[in-house]
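Student: Residues per chain, in single letters:
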Amino acid sequence: MNEKNDIMILDAVERYIRGEMNPDERLHFENLRKTNSEIDQLVVEHTLFLQQMNRFGEWQKFRTALNEVHTDLAEQGKINSDQLKGKAKVVYLWKRYRKVAAIAASIAGITAISISTLVWSISPQPSDDKLKMLDRKVLAQEVATNKIQKDLNNVKNNVEKKADAPAFVPKTAATGFLINGRGFMITNAHVVKKSEHIRVFNTKGEQFNAFVVRLDPVRDVAIIKIDDPQFKTAASLPYGISKNTSDIAEPVFTLGFPREEVVYVYGEGYMSANSGFKGDTLSCQITVPANPGNSGGPVFNRNGEVIGILSARETDAEGAVFAIQSKYIYKAIEELKKNKYYEGLKVSSKSTISGLDKVQQVKKIQDYIYMVKGD
Amino acid sequence: MKQEGNEKALLLGLARNERKAVETIYKENYNMVQSLIINNNGSTDDAKDIFQEAMIVLYEKARSGSFELNCQIKTYVYSVCRRLWLKRLQQANRFMEIANIETVVPVDEDMEGHEKRNREFGMMEKAIDSLGEPCKSLLEAYYLQKRNMQEIAFQFGYTNAENAKNQKYKCLVRLKKIFFTHYKNGDSDE
Chain A
12 MNEKNDIMIL
22 DAVERYIRGE
32 MNPDERLHFE
42 NLRKTNSEID
52 QLVVEHTLFL
62 QQMNRFGEWQ
72 KFRTALNEVH
82 TDLAEQGKIN
92 SDQLKGKAKV
102 VYLWKRYRKV
112 AAIAASIAGI
122 TAISISTLVW
132 SISPQPSDDK
142 LKMLDRKVLA
152 QEVATNKIQK
162 DLNNVKNNVE
172 KKADAPAFVP
182 KTAATGFLIN
192 GRGFMITNAH
202 VVKKSEHIRV
212 FNTKGEQFNA
222 FVVRLDPVRD
232 VAIIKIDDPQ
242 FKTAASLPYG
252 ISKNTSDIAE
262 PVFTLGFPRE
272 EVVYVYGEGY
282 MSANSGFKGD
292 TLSCQITVPA
302 NPGNSGGPVF
312 NRNGEVIGIL
322 SARETDAEGA
332 VFAIQSKYIY
342 KAIEELKKNK
352 YYEGLKVSSK
362 STISGLDKVQ
372 QVKKIQDYIY
382 MVKGD
Chain B
7 MKQEGNEKAL
17 LLGLARNERK
27 AVETIYKENY
37 NMVQSLIINN
47 NGSTDDAKDI
57 FQEAMIVLYE
67 KARSGSFELN
77 CQIKTYVYSV
87 CRRLWLKRLQ
97 QANRFMEIAN
107 IETVVPVDED
117 MEGHEKRNRE
127 FGMMEKAIDS
137 LGEPCKSLLE
147 AYYLQKRNMQ
157 EIAFQFGYTN
167 AENAKNQKYK
177 CLVRLKKIFF
187 THYKNGDSDE
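Each protein sequence line maps, in turn, to chains A and B. Quick note on our numbering: the first sequence kicks off at 12 and runs consecutively. Quick note on our numbering: the second sequence kicks off at 7 and runs consecutively.
Quick caveat, the hints were computed from the structure, so don't treat them as lab data. Among the clues, some could well be false.
Pairs of lysine to any residue residues, derived as SDA-like cross-links and limited to a Cα-Cα distance of at most 25 Å, are as follows [stated by the list, open to error]:
#, chain 1, residue 1, chain 2, residue 2
1, B, K122, A, R66
2, A, K375, A, R66
3, B, K122, B, E139
4, B, K183, A, R66
5, B, K182, A, N65
6, B, K132, A, E69
7, A, K338, A, L356
8, B, K132, A, N33
9, B, K152, A, N33
10, A, K369, A, E79
11, A, K72, B, F160
12, B, K183, A, V55
13, B, K132, A, R66
14, B, K152, A, E279
15, A, K369, B, F127
To list a few chain A residues with every Cβ distance to chain B over 10 Å, as calculated [to be verified]:
#, residue
16, F67
17, W70
18, A113
19, L129
20, V130
21, W131
22, F179
23, A284
24, N314
Keep in mind it's a predicted model, so treat the numbers as computed, not measured. Ideal placement from N, C-alpha and C gives every residue a C-beta, glycine not left out.
All chains should be built: construct the whole structure from the sequences, respecting the hints.
Tutor: In structure tokens:
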């Protein structure tokens with residue numbers, strides 16, 4: 012009862028401060044204020060509080076606007092973009108580390124000179140024959156490697172030619188998302204592991220050929236790469252891949268293609284457990300509406316960072332969906348980088364959309380989410 | 007002077023958080039600040055942070071109406087950024103000189119006001135965060151996004167606006183308690 016009264020009084024105070032009372036009511040309230048010091052105190056206090064809240068709200072809005080403007084201008088190339096590129100990076104690193112570099116270089120120099128003098132003075136003269144033999148061996152090795160390389164290229168070309176053939180009858184369909192601007196994409200391993208050809212589709216109606224570069228059936232992570240002359244690479248993605256484990260109750264959302272036609276469906280929910288089905292520590296449990304076609308889709312936190320890959324492996328429990336934690340994306344990438352063709356693969360952990368509201372975030376993200384089909 | 011008139015219009019737009027004005031000022035000044043920071047041991051992320059903070063200082067100044075055009079926006083932004091970056095370097099115990107490539111105007115007074123506001127808003131942010139859900143979203147929807155109670159009740163799944171109002175009241179009491187405790191302590195600190 013008492014609380015109900017308090018709520019009513021607060022309601023009146025708020026309407027009074029905002030000037031929403033009609034003249035009669037206002038007069039009545041002002042009289043009450045004069046006679047009741049408690050109410051007077053409440054008005055003063057609440058005015059101060061509301062003022063502060065309003066200014067805080069505007070401050071927040073302005074900060075969001077700044078982030079939006081930054082992302083937009085960087086995308087349009089009107090300000091120097093986020094990543095340090097080429098010369099700027101060299102200059103920055105040089106400036107930062109030149110002292111260290113100078114010291115290291117001089118130490119290295121002195122050491123090198125003294126060691127080589129030492130080695131020179133005590134080592135026996137090597138015979139030229141031996142050296143030559145080694146040399147030839149290396150040469151032979153090189154020829155063999157080149158041959159393997161050529162064979163590989165032939166195989167790859169053949170595969171590509173086949174992929175261009177119209178006989179593409181998809182058997183699986185799921186979601187995938189780019190992890191960098193060069194066409195590397197993450198999806199679930201179970202989606203593509205039996206497929207010979209893979210094609211990805213976006214909502215702009217474009218479709219590209221892709222192939223699997225790494226498959227990890229245990230963690231159910233696959234890295235595929237778009238391999239299509241039509242595909243335009245991008246300098247950077249608006250979102251990053253989080254390196255941290257998420258907290259329980261953190262709000263998350265996902266985008267994917269649960270239906271046959273190329274339509275995004277947006278789902279919102281919460282992180283509900285740090286572990287997955289039967290205590291599986293690979294994955295985490297989230298509550299978002301999801302269908303099998305969502306498989307392989309990204310799970311974003313409120314900063315617009317990818318915190319997991321949706322994997323609808325256990326669909327018995329209503330509303331409970333499992334996601335593979337994003338750190339396994341990094342594990343898969345690390346594995347892939349052991350292959351020297353992919354050594355330079357880079358993935359960002361930073362999102363440029365962290366300050367934006369969800370509508371804006373989704374707008375920025377959606378071009379990088381694809382429907383993945385395999386035959 | 008045409009340029010002066012332009013700048014005045016820009017500041018008016020900025021004070022109202024108009025997208026076009028914010029964009030123009032951003033576009034015209036960001037690269038200058040980025041090279042300042044990068045040439046003085048910073049990264050692009052630092053540049054973004056510092057520049058946006060300076061934009062907030064400019065925004066508050068434009069809102070207060072006390073921005074006398076005794077210097078160009080560019081000069082002001084540069085001076086604030088330089089000041090902010092020096093302070094950041096000092097906090098990291100990396101003392102260094104920053105060579106001036108632009109003229110600098112004194113900004114001490116504005117910086118004091120800015121730091122105070124930063125503390126206040128930071129405290130408010132923390133206080134709201136500490137309430138947890140659903141309080142945080144509920145209060146944000148009502149007091150910051152200024153949505154009405156019917157809408158909120160619907161969105162948060164309350165059976166009617168009255169229930170939403172009760173819940174909002176409970177959350178508000180908690181927030182105000184935190185706010186006024188800090189507010190009073192903050193006052194005695196200064």
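Student: Indicate, hint by hint, whether the structure satisfies it.
Tutor: Verification of the supplied hints:
Restraint check for K122 of chain B and R66 of chain A: the C-alpha separation of about 13 Å stays at or below 25 Å, so the hint holds. Distance restraint check for K375 of chain A and R66 of chain A: the Cα-Cα separation of roughly 28 Å exceeds the 25 Å cut-off, and the hinted pair is therefore not satisfied. For a cut-off of 25 Å, the pair hint linking K122 of chain B to E139 of chain B is broken: about 28 Å separates their Cα positions. Our distance criterion of 25 Å between C-alpha atoms is met by K183 of chain B and R66 of chain A, whose separation comes to about 19 Å.
Proposed proximity of K182 of chain B and N65 of chain A is supported: the alpha carbons are some 14 Å apart, at most 25 Å. A threshold of 25 Å between alpha carbons decides the hint, and for K132 of chain B with E69 of chain A the separation of about 16 Å falls inside it, so the pair holds. The straight-line distance between the Cα atoms of K338 of chain A and L356 of chain A is roughly 16 Å, inside the 25 Å bound, and the hint therefore holds. A hinted pair counts as satisfied when its Cα atoms are at most 25 Å apart, and K132 of chain B with N33 of chain A does not qualify at roughly 37 Å.
Of the pairs offered as hints, the one joining K152 of chain B and N33 of chain A holds, with about 21 Å between alpha carbons and a cut-off of 25 Å not exceeded. Taking the CA atoms of K369 of chain A and E79 of chain A, the gap is about 12 Å. The hint holds against a cut of 25 Å. Taking the CA atoms of K72 of chain A and F160 of chain B, the gap is near 24 Å; set against the 25 Å cutoff, the hint holds. Between K183 of chain B and V55 of chain A the CA atoms are separated by roughly 15 Å; this keeps the pair inside 25 Å, and the hint holds.
Taken as a hint, the K132 of chain B and R66 of chain A pair is honoured in the structure, with Cα atoms around 15 Å apart against an allowance of 25 Å. The straight-line distance between the Cα atoms of K152 of chain B and E279 of chain A is roughly 22 Å, inside the 25 Å bound, and the hint therefore holds. About 22 Å separates the Cα atoms of K369 of chain A and F127 of chain B, which keeps this hinted pair within 25 Å; it holds. With a cut of 10 Å on Cβ distances, F67 of chain A falls inside the contact zone with chain B, its closest approach being about 5 Å.
Look at W70 of chain A: its CB is around 5 Å from the nearest CB on chain B, not clear of 10 Å, so calling it non-interface is violated. Annotated as non-interface, A113 of chain A keeps its C-beta farther than 10 Å from every C-beta of chain B; the closest such distance is 16 Å. The claim that L129 of chain A lies off the interface holds: its Cβ sits roughly 39 Å from the closest Cβ of chain B, which is beyond the 10 Å cut-off. In this structure V130 of chain A is separated from chain B by more than 10 Å, as the shortest Cβ-Cβ distance comes to about 40 Å.
Once the 10 Å rule is applied to beta carbons, W131 of chain A is consistent with being away from chain B; the minimum gap is 42 Å. No beta-carbon of chain B comes within 10 Å of the beta-carbon of F179 of chain A; the shortest separation is about 42 Å. Every beta carbon of chain B lies more than 10 Å from that of A284 of chain A, the smallest distance being close to 17 Å; the non-interface claim holds. With 10 Å as the threshold on Cβ separation, the claim that N314 of chain A sits away from chain B holds: the shortest Cβ distance comes to roughly 14 Å.
Hints 2, 3, 8, 16 and 17, counting from the list given before, are not met by this structure.
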